[in-house]
Amino acid sequence: MIRLDNATKVYKRGARPALDSISVEIERGDFVFLVGSSGSGKSTFLKLILREERPTGGDVYVAGRHLNKLSAWRVPHLRREIGAVFQDFRLLPNKTVYQNVAFALQVIGKSRHHIQSTVPEMLELVGLSGKERRMPHELSGGEQQRVAIARAFVNHPPILLCDEPTGNLDPGTSVGIMRLLDRINRTGTTVLMATHDDEIVDQMRKRVIELRGGQLVRDQDRGVYGLERV
Amino acid sequence: MRLRFILGEVVNGLRRNGTMALSVVLVTFVSLMFVGAAALTQMQIDQLKDDWYGKVEISIFLCPENSRNERCAEGAVTPEQEDAIRGVLEDGALAGLVQEVYYESREQAYDKFVANDDEGIWSSLTADQMQPSFRVKLSDPEQYQVVADATEGLPGVDVVRDQREIFSELFRFLNAATVVAAALAAVMLLAAMLLITTTIRLSALSRRRETQIMRMVGSSRSLIQMPFMLEGAVAATGGALLAVAGLFFGVRYLIEDWLRSSVTWVQYIGTQEVWSVAPWLLVIAVGLAAVASLVTLGRYTRA
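Chains as they are written, first to last, in my numbering: chain A, 4 to 233; chain B, 531 to 833.
Because the hints were derived from the structure by calculation, they are not lab data. Among these hints, one or two may not hold up.
[Said to hold, decoys possible] Take a look, some chain B residues computed to stay more than 10 Å from chain A by CB distance:
no. : residue
1   : Phe535
2   : Arg601
3   : Val618
4   : Gln673
5   : Asp688
6   : Gln693
7   : Glu699
8   : Leu700
9   : Arg731
10  : Glu740
11  : Ile743
12  : Met746
13  : Gly748
14  : Ser749
15  : Leu784
16  : Glu786
[What the hints assert, rightly or not] Estimated spans, in silico, between C-beta atoms of each pair:
no. : chain 1 : residue 1 : chain 2 : residue 2 : range
17  : B       : Arg534    : A       : Gly144    : 38 to 44 Å
18  : A       : Asp224    : B       : Arg546    : 46 to 52 Å
19  : A       : Glu124    : B       : Leu556    : 58 to 64 Å
20  : A       : Leu95     : B       : Thr549    : 41 to 47 Å
21  : B       : Arg546    : A       : Ser41     : 33 to 39 Å
22  : A       : Arg31     : B       : Leu724    : 22 to 28 Å
23  : A       : Gln119    : B       : Arg545    : 44 to 50 Å
24  : A       : Asp8      : B       : Arg534    : 55 to 61 Å
25  : B       : Leu556    : A       : His117    : 39 to 45 Å
26  : A       : Asp8      : B       : Thr728    : 29 to 35 Å
Note that the structure is predicted; figures quoted are calculated from it, not measured. C-beta atoms are modelled at their ideal positions from N, C-alpha and C, and glycine is treated no differently.
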């Protein structure tokens, strides 16, 4: 589903590579944690997959596409196969919960009928039924993140990328979000989650990919956050 | 769905950026008004040229008695000289250029003069004091200089006058007015384009969240950019429509209703000329907005 072959990213000529010859394969339906301190290359890893950046060396394949060769006008099609969730939620403050989720379908040209049947289903999945008309500022952080997840998943993409989705949430709320992501993963969706949250990683016991200084230092099934604490 | 979405975004954007949109409308309105005025002035000039140049003649004034002109030092023109001049006009190399020649004698000139002299101020003049002349109608009025050069030095010729000289000053003025209008139009169009650029940029910045999410969920670049482009185009088109309306009412009330009834000896342009200019004004407006979008959007809504 996602494959990096010796992928390297150098932002500025001569600088230390942000990603240094990374080779990793993530299968369909995997749940993978991407861990590492700030500046370890996690963000660059996600950007390569979203094709916000192109690798300076090596190859990147996502959802059957060779991203090195993907032309700019096909990028939107790639992004429709990837849902993305961020630490800061990125909701539209002037739209209701329902409209925020519907927006993602509107702008890729889905029919009104499709939207009207899909959005309520998705809100039910994330546990926000009955809050369709709320505005984002009326919701708690956890609820806002649920809206963001609903928006990312409403088009049923095969891949869900999460960049620190629990970074702004308290531990109790984070557990709820992780349960939701786990549920989505069980529908066959590949979930790749970059995180600093050691408790969550340790609890979930999923595959862990660790980056340090742009290099892959660990790729472990049923791993924990830091090896030294095992 | 997409069309509804785009139109909704355009309306939203225009409302949110109301004052900027209004300023774009007004600046394009004024600049296209100048463009239109320049075009209409040129059309008026063409119309006047067609109308007047067809009527004008060259007048070859012949030497009267007691002229102070050196060329007439030998006294009044003699019949032989008159025949020679007519010969040059009708038979020589000029024959192809000359359509018609007729002779106006002293008496005819006098009668014409008196007939036009309603107030009797010049009644003390006599026919002898008048100047005989050849009136020459050219088949091509533009060839005036050739005819003038060929006849000017002939014995018995006092002076050669082209009636076009009377109008040339007016045309020079109108042409200068066109240049001024066009120059102002160019400056205003530049201002309009910069303003549209700024408006689009502001609009794009104020909707960065939306466009960011649109990119993220995979909407096409055209869908992301279309609302901004249309916003600029709608505002500019609004300005163009105002300019057309302004020109229409200007021509309607100032020229058709006022000048045409008070200064009647001139053929004026009318509102149908405004309609022939209107499409070009719209094209300019849309083109302006398109150029402004192209230079702005690439940077603010990259895929």
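Indicate whether the distance between the beta carbons of leucine 556(B) and histidine 117(A) respects the range 39 to 45 Å.
-> Since leucine 556(B) and histidine 117(A) have Cβ atoms about 42 Å apart, the given range 39 to 45 Å holds.
Per the stated criterion, does the least C-beta distance between aspartate 688(B) and chain A lie above 10 Å, as a non-interface residue requires?
-> holds (79 Å)
Outcome of range test on Cβ distance (aspartate 8(A), threonine 728(B); 29 to 35 Å) = violated (45 Å)
Would glutamine 673(B) pass as off the interface with chain A, using Cβ distances and a cut of 10 Å?
-> holds (61 Å)
Can we confirm that no CB of chain A comes within 10 Å of the CB of leucine 784(B)?
-> Leucine 784(B) clear of chain A: closest Cβ-Cβ about 48 Å, beyond 10 Å.
Starting from the hint 58 to 64 Å, judge whether the C-beta atoms of glutamate 124(A) and leucine 556(B) obey it.
-> violated (49 Å)
Do the beta carbons of arginine 534(B) and glycine 144(A) sit within 38 to 44 Å of each other?
-> violated (33 Å)
At the C-beta level, are glutamine 119(A) and arginine 545(B) separated by a distance inside 44 to 50 Å?
-> Cβ of glutamine 119(A) to Cβ of arginine 545(B): about 26 Å, so the range 44 to 50 Å is violated.
In this structure, is the beta-carbon distance linking arginine 31(A) and leucine 724(B) contained in 22 to 28 Å?
-> Roughly 52 Å apart at Cβ, these two residues miss the hinted range, so it is violated.
Is glutamate 786(B) truly not at the interface, in the sense that its beta carbon sits beyond 10 Å from all beta carbons of chain A?
-> holds (51 Å)
Verify that the Cβ of arginine 731(B) lies farther than 10 Å from every Cβ atom of chain A, and report whether the claim holds or is violated.
-> Fine: 20 Å to the nearest Cβ keeps arginine 731(B) off the interface.
With d taken as the least Cβ-Cβ distance between isoleucine 743(B) and chain A, does d exceed 10 Å?
-> Incorrect as stated: the minimum Cβ-Cβ distance to chain A is 6 Å, not above 10 Å.
Checked against the numbered hints given earlier, the structure breaks hints 1, 10, 11, 12, 13, 14, 17, 19, 20, 22, 23, 24 and 26 and satisfies all the rest.
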